[in-house]
Amino acid sequence: MDINAQLRSEIQKALQYLFGTSTDDIQLQPTRPEFEGSHTLVCFPLTRISKKSPEQTAQLIGEYLISHTSQVKSYQTIKGFLNLTLSDNFWVGVLNEIHAKPGYGTFPSNGKEIMVEYSSPNTNKPLHLGHLRNNFLGWSVSEILKANGYRVHRVQIINDRGIHICKSMAAWKLYGNGETPESSGMKGDHLVGKYYVEFDRQHKKEIRDLMMQGLSQEEAERQSPIMQLAVDMLRRWEAKDEEILSLWRMMNSWVYEGFNATYRRMGVEFDKLYYESDTYLLGREEVLKGLERGVFFKKEDGSVWVDLTAEGLDQKVLLRSDGTSVYITQDIGTAILRFRDFPNIEGQIYTVGNEQEYHFKVLFLILDKLGYAWARKCYHLSYGMVDLPTGKMKSREGTVVDADDLMEDMVRDAETLTRELGKIEGLSDDEAKELFEMIGLGALKFFLLKVDPKKRMLFDPQESIQLQGFTGPFIQYTHARIRALLRKAKQEGVMSQSASIENPAQLEPAERQVVIVLSRYEEKVREAATVYSPAILANYAFELAREYNQFYQTVPVLTEPDRSRLQFRLALSAATARVIRHAMSLLGIGVPERM
RNA sequence: GGCUCCGUAGCUCAAUGGAUAGAGCAACUGCCUUCUAAGCAGUAGGUUGAAGGUUCGACCCCUUCCGGAGUCACCA
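190 is the number of the first residue of the first sequence in the numbering used here; add one for each residue after it.
Source of the hints: derived by calculation from the structure; they are not laboratory data. Check each hint, because a few of them may be wrong.
As the list claims (entries may be wrong) - Straight-line distance between alpha carbons at most 25 Å, and here's what the computed DMTMM-like set of lysine to aspartate or glutamate pairs gives: (1) K487 x E474; (2) K622 x D594; (3) K478 x D490; (4) K612 x E626; (5) K478 x D496; (6) K679 x E697; (7) K393 x E410; (8) K383 x D576; (9) K241 x D214; (10) K478 x D467; (11) K558 x E500; (12) K376 x D619; (13) K558 x D490; (14) K429 x E446; (15) K383 x D593; (16) K639 x E736; (17) K301 x D460; (18) K643 x E332; (19) K362 x E427; (20) K376 x D591; (21) K677 x D751; (22) K429 x D511; (23) K550 x E481; (24) K488 x D511; (25) K622 x D598; (26) K677 x E614; (27) K478 x D557; (28) K558 x E535; (29) K393 x E586; (30) K393 x E368.
All chains, please: the whole structure from these sequences, using the hints.
If you want it as structure tokens, here you go:
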């Protein structure tokens, strides 16, 4: 089945036969579309072995492959490139295998477990566009790893404590008049976010007033009454003051309810949630243990540090002089707790923005220093920020794109266009609604996933609602069209009963191209996992859909009189629909039966 | 300032050190009396930020420079 591996081994045999020695460095690549063939052997590096020119080397190998293998039908050499054309017979066999393999694209269990963290929001405001990229990425990478045979645990760390939530609490206490999600009809996370914004407004106002009275900016920021209230709340929270704790629990519960609704619509789930309030103390203990063992050191003021100068970094504080935790302290605790909870995982993948690259470098080094072997298997899945045409998203400047609003907009646009195109006849209201949701979310997810995660990307709302070209809906549409075709074939009774495909005498170029693209799917699933990039599959799904559309446009299916050709085309269509569905599901995107 | 990442068509993005650097959008031209035109075919668009170097071969590796972003908190 693995065509590359087959060819590689045949080529190695050829080298052995022709030149008396071989190499593992066989450079096989897809043939460029402007040339004949499907696989290209780059022969320049082989001249060391052959002691001949690249052209001659290519020629000799080509001749050998034709006479010694069943699959290579002809070859063409251009400069040092050996382009191999495989027989149509072989390609029919390939399609047969794909067709007969329901799990094409899913690999058997490799016995390994892995943990993927994503989302991990603060609890003081609703999710935004950046969280969407994060969540879609985390979900998709999890699906990709599962398809590659891993058992995956999806988790997040919820940053539920700290000054940020106390700010929302303080503003609510002062100005909320007991407002609740029920009384206001507002989603809980948005309600709490409203008071976070309110805090900032008040804080700024108080700073202005205090500075007018002659205080410095820094003093004013600290002495502002609302800031002092928030800081006091944080102190009382750490002292387990019941009044504060119950306010904190109440407001966080509002947020969780809101988050859950957002996650539901996004289509993401988690196997286990970790809360910072549960792990920061463990982190503190671990740091203290490390201090005893001499892994860390204490400064005169009582603060605890790690020295990473030997690793090319600097010194990092782990506990403040008053003994309290900093950000990284709880991450240490969380990591250790997770490996206790899931002793069989071989590592963790942290889906976190690239602004925290330094942080994770430090974290993994610390865990390593503490003697945890798994630290070396931890990976920061670092992704680039999402920018707007107006520049960077800034919550304080109100330029943040809200996740709920955006999803709503996308679905509404999908609905408008679908109605305009008159594509909802025959659908019930529920079915239509489901379709709009699938298209809107599909467009959004695809837009965010088609770019290499590592790269920062621009989110242009105008472009994201596009449903043509390199988009999710284009691929969904291709799938729907195939399904319609297959329904009709069944209805007309032209669908073959036999499981295997008959061999048409010769393939149309468009048919052959589709099979070639289909045959590359599993290596793409592998590659996506090794580089943690859903973009690989997004690009692949697009390429497949495009290739199929070309076939669909140029080759008739249902009206084809030749029985074996008809069956081949139906099988080709069915396999394409299945691979599209599979690839899209790895992106977290559904595909419709009609649209 | 130190470190890291990024500069590819007007815009958004592709391209394991390999062929004439490819798609989508936008622009322009065609194709619905045949399986869904959210489609297909075509035209135009490039000194891959600049200059050197390594290599049979460089968007990719190395050096310098220019431009942009991130980071270097007893913030998270």
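Structure-based check of all given hints:
no.	hint	verdict
1	K487 x E474	holds (15 Å)
2	K622 x D594	holds (17 Å)
3	K478 x D490	holds (19 Å)
4	K612 x E626	holds (14 Å)
5	K478 x D496	holds (16 Å)
6	K679 x E697	holds (24 Å)
7	K393 x E410	holds (8 Å)
8	K383 x D576	holds (23 Å)
9	K241 x D214	holds (17 Å)
10	K478 x D467	holds (18 Å)
11	K558 x E500	holds (11 Å)
12	K376 x D619	holds (24 Å)
13	K558 x D490	holds (24 Å)
14	K429 x E446	holds (24 Å)
15	K383 x D593	holds (15 Å)
16	K639 x E736	holds (18 Å)
17	K301 x D460	holds (17 Å)
18	K643 x E332	holds (19 Å)
19	K362 x E427	holds (18 Å)
20	K376 x D591	holds (13 Å)
21	K677 x D751	holds (18 Å)
22	K429 x D511	holds (17 Å)
23	K550 x E481	holds (23 Å)
24	K488 x D511	holds (12 Å)
25	K622 x D598	holds (14 Å)
26	K677 x E614	holds (17 Å)
27	K478 x D557	holds (14 Å)
28	K558 x E535	holds (18 Å)
29	K393 x E586	holds (13 Å)
30	K393 x E368	holds (23 Å)
Consistency note: the structure conflicts with none of the earlier hints.
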